[in-house]
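Chain residues, written in single-letter form:
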Amino acid sequence: MNAVARFWESDIGWSFRHSPVAVVSCIVVLILVLAAIFAPLLAPYDPFDPASLNLMNGFSKPMEPNAFTGETFWLGTDDQGRDVFSTILYGMRISLFVGFAAVAFALVLGVSLGLIAGYVGGWTGTIIMRIADVQLTFPSILVAMLIFGIAKGITPIDMRDQVAIWVLIVAIGLSDWVQFARVVRGATLVEKNKEYVQAARLIGRRGPAIMLRHILPNVLSPVLVIATISLALAIIAEATLSFLGVGAPPTQPSLGTLIRIGQGFLFSGEWWILLFPAATLLTLALAVNLLGDWLRDALNPKLR
Amino acid sequence: MLAFIIQRIFQSVVVLLLVGLVAFSMFRFVGDPIDNMLGQERTGADIERLRTQLGLDQPFPVQYAKFLTNAAQGNFGVSYRQGRPVSDILAERAPATLELAAVSGLFAMVLGVALGVFTAIRRDGFTSNAIMTVSLIGVSLPTFLIGILLIYLFSVELGWLPSFGRGETVQVGGWTTGFLTASGLKALILPAITLGLYQMTLIMRLVRSEMLEVLRADYIRFARARGLRDRSVYFRHALKNTLVPVITVTGLQLGAIIAFAIITETVFQWPGVGLLFINAIQFVDIPVMAAYLMLISVMFVGINLIVDLLYFAIDPRLRVDRVEAKA
Numbered sequence: 000m001n002a003v004a005r006f007w008e009s010d011i012g013w014s015f016r017h018s019p020v021a022v023v024s025c026i027v028v029l030i031l032v033l034a035a036i037f038a039p040l041l042a043p044y045d046p047f048d049p050a051s052l053n054l055m056n057g058f059s060k061p062m063e064p065n066a067f068t069g070e071t072f073w074l075g076t077d078d079q080g081r082d083v084f085s086t087i088l089y090g091m092r093i094s095l096f097v098g099f100a101a102v103a104f105a106l107v108l109g110v111s112l113g114l115i116a117g118y119v120g121g122w123t124g125t126i127i128m129r130i131a132d133v134q135l136t137f138p139s140i141l142v143a144m145l146i147f148g149i150a151k152g153i154t155p156i157d158m159r160d161q162v163a164i165w166v167l168i169v170a171i172g173l174s175d176w177v178q179f180a181r182v183v184r185g186a187t188l189v190e191k192n193k194e195y196v197q198a199a200r201l202i203g204r205r206g207p208a209i210m211l212r213h214i215l216p217n218v219l220s221p222v223l224v225i226a227t228i229s230l231a232l233a234i235i236a237e238a239t240l241s242f243l244g245v246g247a248p249p250t251q252p253s254l255g256t257l258i259r260i261g262q263g264f265l266f267s268g269e270w271w272i273l274l275f276p277a278a279t280l281l282t283l284a285l286a287v288n289l290l291g292d293w294l295r296d297a298l299n300p301k302l303r
Numbered sequence: 000m001l002a003f004i005i006q007r008i009f010q011s012v013v014v015l016l017l018v019g020l021v022a023f024s025m026f027r028f029v030g031d032p033i034d035n036m037l038g039q040e041r042t043g044a045d046i047e048r049l050r051t052q053l054g055l056d057q058p059f060p061v062q063y064a065k066f067l068t069n070a071a072q073g074n075f076g077v078s079y080r081q082g083r084p085v086s087d088i089l090a091e092r093a094p095a096t097l098e099l100a101a102v103s104g105l106f107a108m109v110l111g112v113a114l115g116v117f118t119a120i121r122r123d124g125f126t127s128n129a130i131m132t133v134s135l136i137g138v139s140l141p142t143f144l145i146g147i148l149l150i151y152l153f154s155v156e157l158g159w160l161p162s163f164g165r166g167e168t169v170q171v172g173g174w175t176t177g178f179l180t181a182s183g184l185k186a187l188i189l190p191a192i193t194l195g196l197y198q199m200t201l202i203m204r205l206v207r208s209e210m211l212e213v214l215r216a217d218y219i220r221f222a223r224a225r226g227l228r229d230r231s232v233y234f235r236h237a238l239k240n241t242l243v244p245v246i247t248v249t250g251l252q253l254g255a256i257i258a259f260a261i262i263t264e265t266v267f268q269w270p271g272v273g274l275l276f277i278n279a280i281q282f283v284d285i286p287v288m289a290a291y292l293m294l295i296s297v298m299f300v301g302i303n304l305i306v307d308l309l310y311f312a313i314d315p316r317l318r319v320d321r322v323e324a325k326a
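Line by line, the protein sequences give chains A and B. Numbering that gives the first Met the number 0 applies: residue 0 is where the first sequence begins, and numbers increase by one. Numbering that gives the first Met the number 0 applies: residue 0 is where the second sequence begins, and numbers increase by one.
Only chain A is shown next, with the shape it has when bound in the complex (with noise of 0.2 Å):
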């Protein structure tokens, strides 16, 4: 509780508190995160349950009782008569367990290899960099797909759909390691130089402890900034992943695998089987975004 209050009372609370961008993204956020998590006991049905399932059920539209079995589906059924509104309860579940995973993996990776090639420098700070450069020139969803790719070749066939989800992780924070390193390293040159680091040099601390006690902590506001952008960008590399059909399996649909199998029913009139998953992951990616935007202008101290 203290911990929130100083939060509300800093700078950075007052101008959240002044921000009804950020307020409403970060509420539309807070929703779609506790909906995900607590799927299982707001979704109606259980669309992986085949026993649930009924097939009369299937093509309902919304909020209409269907036509045989009288029932009625908020956000209508698929073609297998399973309910819109579970999956994509389910589907946000997937979707954001990959995207903060994959920031998680990225930030882990960047911060570290920002921190060595910034702190220690020399040929593995230039190494580091100098991979960085070379995959910041390739566009990080085609780094994520050529990771996938491999990643499904190496796994035996019976185990590909069970590690997807793993590999789609890794695979998305890879290509997306890059940005932590640039932003830590540069922060951490400035931050070497100082007046505390030295003296703690002197007391006869070590590298590591230098670096994760002294220079982390003053170099995380950024990291911060980026791991909200990142988490945006996360989630729709997965969406766009799993709709090209090289991430989430059909047995673990994500939002995107969502989209994917209701392209499929565009041209013959079932348009909610489209709409309400492309709907709930815009509103995900655009409530991240705005917040991630808010961050931003609120840590950075030459715009204040």
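No lab work stands behind these hints: they were computed from the structure. C-beta atoms are modelled at their ideal positions from N, C-alpha and C, and glycine is treated no differently. Be aware that a few hints might be false.
[As the list claims (entries may be wrong)] Here are the computed distance ranges between Cβ atoms for each label pair: (1) A:Gly185 / B:Thr132: 29 to 37 Å; (2) B:Val13 / A:Asp157: 38 to 46 Å; (3) A:Leu285 / B:Ser208: 49 to 57 Å; (4) B:Asn240 / A:Val23: 51 to 59 Å; (5) A:Gly185 / B:Ser24: 25 to 33 Å; (6) B:Ser208 / A:Gly185: 21 to 29 Å; (7) B:Val297 / A:Val22: 46 to 54 Å.
Let chain A serve as the given structure and place chain B on it in line with the hints.
Coordinates of chain B only, in the frame set by chain A:
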């Protein structure tokens, strides 16, 4: 100057060699090529023969060198899935992607510069503000959703334009073109807009901010004081000076267009190289993946190199900095 060029070319070659190593490792270590190429009814003798034939019994560096020589000659082996040489498949698919990329690049450039100039001149006008807001939404929409939206509007609801494929194509030499038939041109519209929209907003925003900066410069005020017409001030004096960064960014975006064509081609089932790559990933067709990787990195590295050299040639200030730094 010469040292700079040599250094940049050397760096590019190193990058390409590294990418080649990645592509080769994929080919060599992901799955067993022998397993993939021989069917169920194989004998030990078959395996041995193919192993020698493919040179898989030789040491790693020799194999790598051989792979590079082959790749440089355009020989990427045989597709696991289609059983045809990868270079043939790529040559067959390349025109579709290149035509799509060219049209959407042109669309992005022309419309981007025009709208950028317009929004800069009419800074506070209602239309400009509307354009800026719409472009903001356009940037945050994922490419594949833009494609689906366009399909829904123009194919499903209005029925004006086809939603998939290239339409009728004409064979001109070894090149299949969709430019010469009405259905080919119609089929090109939606994919080109989908692919070019993001680049267009990018160019538009860049031109706008550069124009706003340049319009404040003293020589613009002087041009106005000389009594030149608005059109001459905007296009002859201002726009010219905004073009250096625009050319750089456009050049770098060319690579991005080719890469993002993968998404657009999948949405519209456009029979290009991107769709080939996605199918190759789905079916783990390693030779096709490796060839695509090599091809696209040559393109990316080449574009980067050219843009760097152009920048150096166009902007004299960079050269002055270098000389001063040495002295």
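Okay, the hints, checked on the actual structure:
1. A:Gly185 / B:Thr132: 29 to 37 Å: Taking Cβ atoms as reference, A:Gly185 and B:Thr132 lie about 33 Å apart, which means the hint holds.
2. B:Val13 / A:Asp157: 38 to 46 Å: holds (40 Å)
3. A:Leu285 / B:Ser208: 49 to 57 Å: Given range 49 to 57 Å: violated, Cβ gap about 23 Å.
4. B:Asn240 / A:Val23: 51 to 59 Å: Violated: the Cβ-Cβ distance is about 41 Å, outside 51 to 59 Å.
5. A:Gly185 / B:Ser24: 25 to 33 Å: holds (32 Å)
6. B:Ser208 / A:Gly185: 21 to 29 Å: holds (24 Å)
7. B:Val297 / A:Val22: 46 to 54 Å: Between B:Val297 and A:Val22, where Cβ atoms are some 49 Å apart, the hint holds.
Checked against the numbered hints given earlier, the structure breaks hints 3, 4 and satisfies all the rest.
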